[in-house]
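Engineer: Here's the letter readout for the chains.
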Amino acid sequence: MTQSSENTRKRNERYDKYVKAVTPQSSVWRSLWRAFFVGGLTCILAQGFADLYRWVFPSWTADMVGNLTSVTVISLAILLTGLGIFDKIAKVGGAGSFLPITGFANAMASASMEFKSEGLIFGTSAKMFSVVGPVIVNGVVWSTVAGLIHFVIGFFM
Amino acid sequence: MSIWQTVLTYLIVFAVGGALCLGAELLIVKTKLTPARILVIFLLFGVLLETVGVYKYIFQIAQAGISVPIVGFGASLARGAIEGVKDYGILGAFAGGLMRTAFGVGAAVAASYLVTLIFSPKSK
Amino acid sequence: MKILHRGENCHFVPAFSQEIVRESVRDIPSAGAVLHSGIRRGRQTFIFDDPPKIVGRWTVSGKKEGAGPVGQYIHSVYRDPKMGEKNFEMAEIDMLREAVDGAIKAGGYLPEDIDLFIAGDLLNQITTSSYVARELNIPYMGMYSACSTSSESLATAAFLINAGYIETAACATVSHFATAERQYRFPLEYGCQRPPYSQWTVTGAGCALLSKAGKGPAVTAATLGKVVDYGANDIGNMGAAMAPAAMDTLAAHFFETGTTPADYDLILTGDLGKLGSDILRELMRERGYPLLQNYIDCGTLIYASDQDVYQGGSGCGCSATVLNSFILEKMEAGQYKSVLLAATGALMSPQSCYQGETIPCISHAVVIRAGEA
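Protein chains in written order, with the working numbering: chain A, 1 to 157; chain B, 1 to 124; chain C, 1 to 373.
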């Protein structure tokens with residue numbers, strides 16, 4: 001029993017090593033460059049909107065300009081998702097398109113559209129956060145921890 | 001603000017935003033981490049930056065370069081929680097993060113719903 | 001994209017399967033088919049003395065498969081992936097329904113003449129097959145062994161017909177890119193990159209009508225596979241996970257029937273893809289049954305290399321579509337006399353993979369021989 005499971009483990013290890021050696025990988029430099037380029041362009045676009053809003057609404061606070069910028073960028077990404085363009089950009093951009101909040105928006109919109117066939121309640125509404133859930137949950141939990149840490153620090157100072 | 005300053009800002013935005021995405025892509029290529037895990041890692045990185053208080057200095061230089069990647073979302077959540085504590089006491093820690101990010105999340109939910117009503121996914 | 005190929009670059013230990021071969025040889029009864037209570041069989045291989053014939057067949061596919069190398073042999077190609085239905089699941093039902101109706105009609109039968117309907121698909125609780133069976137009014141057996149369902153259903157039908165319990169059976173499988181994508185991966189519009197070793201689920205359905213009487217290529221033997229797990233856990237790299245299962249079944253088949261790969265005009269695997277079939281070649285070479293020019297994978301056959309499908313097709317519609325269109329047509333034309341089809345299936349679920357389980361795989365093989373001309 002132990003001998004044969006040991007053999008199996010060794011066999012699996014060798015097989016894994018072999019598979020790793022023959023599995024094709026995408027070109028690292030090209031995918032890195034593409035992620036850099038697409039990610040950078042997304043940020044420039046957002047910066048452009050931010051500067052535009054600062055110029056149009058000079059009386060607004062920096063926070064409000066930031067909020068309006070995120071709303072704009074998110075809506076744009078969701079519109080592109082609906083039109084079926086976003087996943088074509090993402091195919092090129094990789095991390096460059098899922099790391100910015102545009103990727104967050106795309107994940108929500110794509111899940112919500114995908115499960116439309118199960119109806120708006122059990123499909124769209126129930127599954128909208130199926131992909132971005134981890135981000136929201138971890139974000140809320142750990143930001144709460146951050147807040148509590150600052151509460152404790154403030155208590156002592 | 002001179003034209004050169006603007007150009008410089010945009011270059012920094014491009015470089016910082018691009019570099020973060022490059023880092024994430026490196027994790028994709030070199031490790032078996034899935035996009036969901038990488039998003040959470042970068043999000044927590046943002047929470048950490050804000051908690052120790054260095055995020056605002058980076059933001060002054062990099063602007064959209066740091067706030068548009070998910071790092072900015074994490075920092076925003078943490079900023080909200082920290083300010084919530086200042087404004088409402090300990091309960092603010094639970095509400096602050098969501099309050100501050102509500103603009104983006106709310107817009108994303110509403111826009112996703114609207115888009116769902118109009119469009120359907122296409123098979124590739 | 002840089003493709004590391006087998007050969008120079010691989011650190012494959014040559015003694016890889018020596019002890020494994022000996023181990024599995026030990027538990028297989030003596031070579032060649034043995035008589036076992038009047039039935040000719042080995043441990044895994046069953047040889048039919050009254051082999052059922054494939055008298056009717058029909059295939060349905062999507063646009064992408066229709067544009068591929070075997071597209072001209074596919075009976076009906078739909079441009080609209082939804083086939084005018086409300087959702088992709090209903091389109092999948094329509095595809096399977098059309099394949100079944102087409103095969104029954106092509107064989108010159110009426111639905112009430114069919115004794116058994118055996119079908120499978122990739123969706124949870126194989127709903128597609130059951131919904132088609134709901135409309136057919138034929139006794140129904142649902143079958144699931146992932147992408148090897150196509151050969152498993154052929155083998156099951158052949159057992160029952162050879163034993164004399166039934167006269168005719170329709171064996172159908174279907175898969176749809178959009179529904180499989182939702183079930184196993186991400187939403188369709190979700191922006192994510194596929195790794196270069198991933199595969200593309202075939203949108204296609206195939207149905208073969210087996211009958212005791214009639215003329216056509218005959219299913220003469222079947223080798224049932226064992227579940228094989230070499231510890232692969234990358235859900236994106238199906239070819240590498242399934243290749244050992246194909247190796248296990250093919251080696252058992254050659255050993256128990258006393259044949260070699262050269263004895264077949266064509267050896268087919270279901271959906272290993274380019275990478276998986278390269279690995280299979282390597283494994284079979286180690287095992288002492290090197291595969292020759294006559295080996296090809298249905299997944300590499302169904303798409304052209306410029307169709308942006310990475311390693312090729314996958315899904316249980318893949319082997320069913322290729323077999324029932326291109327392969328059987330060529331067999332009827334006399335180009336191939338004997339074909340060994342070993343469809344492979346990965347028996348995991350997305351949940352089992354998140355729970356850290358490795359991917360168990362299976363492969364069932366059937367031998368199809370052209371009828372006497």
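For the record, the hints were derived by calculation from the structure and aren't laboratory data. Treat each hint with caution, since some may be false.
What the hints assert, rightly or not - According to the in silico footprint, chain A covers these stretches of chain C (three or more CB under 8 Å from chain A):
hint: 1; region: 210 to 217
hint: 2; region: 341 to 347
Said to hold, decoys possible - Beta-carbon label-pair distances, calculated as ranges:
hint: 3; chain 1: B; residue 1: Ser2; chain 2: A; residue 2: Ala21; range: 49 to 57 Å
hint: 4; chain 1: C; residue 1: Pro350; chain 2: B; residue 2: Ala110; range: 24 to 32 Å
hint: 5; chain 1: B; residue 1: Thr34; chain 2: A; residue 2: Lys20; range: 17 to 25 Å
hint: 6; chain 1: A; residue 1: Arg54; chain 2: C; residue 2: Asp306; range: 17 to 25 Å
hint: 7; chain 1: C; residue 1: Pro350; chain 2: A; residue 2: Lys91; range: 18 to 26 Å
hint: 8; chain 1: B; residue 1: Ala110; chain 2: A; residue 2: Ala62; range: 43 to 51 Å
hint: 9; chain 1: B; residue 1: Tyr57; chain 2: C; residue 2: Ser352; range: 29 to 37 Å
hint: 10; chain 1: A; residue 1: Ala62; chain 2: B; residue 2: Gly89; range: 23 to 31 Å
As the structure is a prediction and not an experimental result, all values here were calculated from the model. Here a beta-carbon is modelled for each residue, glycine too, at the ideal position from N, C-alpha and C.
Engineer: Hint by hint, note whether the structure agrees.
Structural biologist: Status of the hints after comparison with the structure:
1. Given a C-beta distance limit of less than 8 Å, the hint that chain A covers the region 210 to 217 of chain C is violated, as 0 residues qualify and 3 are needed.
2. Three residues within the 8 Å Cβ limit are the bar, and the region 341 to 347 of chain C against chain A gives 0, so the coverage statement is violated.
3. Our hint of 49 to 57 Å for B/Ser2 and A/Ala21 holds, since their Cβ atoms are close to 55 Å apart.
4. Judged by the Cβ atoms, the range 24 to 32 Å given for C/Pro350 and B/Ala110 holds: they are separated by roughly 29 Å.
5. A hinted range of 17 to 25 Å for the beta carbons of B/Thr34 and A/Lys20 is consistent with their spacing of about 18 Å.
6. A/Arg54 and C/Asp306 have their C-beta atoms about 48 Å apart, which leaves the hinted 17 to 25 Å range violated.
7. At about 22 Å, the beta-carbon gap between C/Pro350 and A/Lys91 stays in the expected band of 18 to 26 Å.
8. For the hinted restraint 43 to 51 Å between B/Ala110 and A/Ala62, the CB-CB distance of approximately 24 Å leaves it violated.
9. Taking the beta carbon of each, B/Tyr57 and C/Ser352 are about 46 Å apart, not inside 29 to 37 Å as hinted.
10. As the Cβ distance of A/Ala62 to B/Gly89 is approximately 26 Å, the hint placing it in 23 to 31 Å holds.
In terms of the numbered hints stated before, the structure departs from hints 1, 2, 6, 8, 9, listed from lowest to highest.
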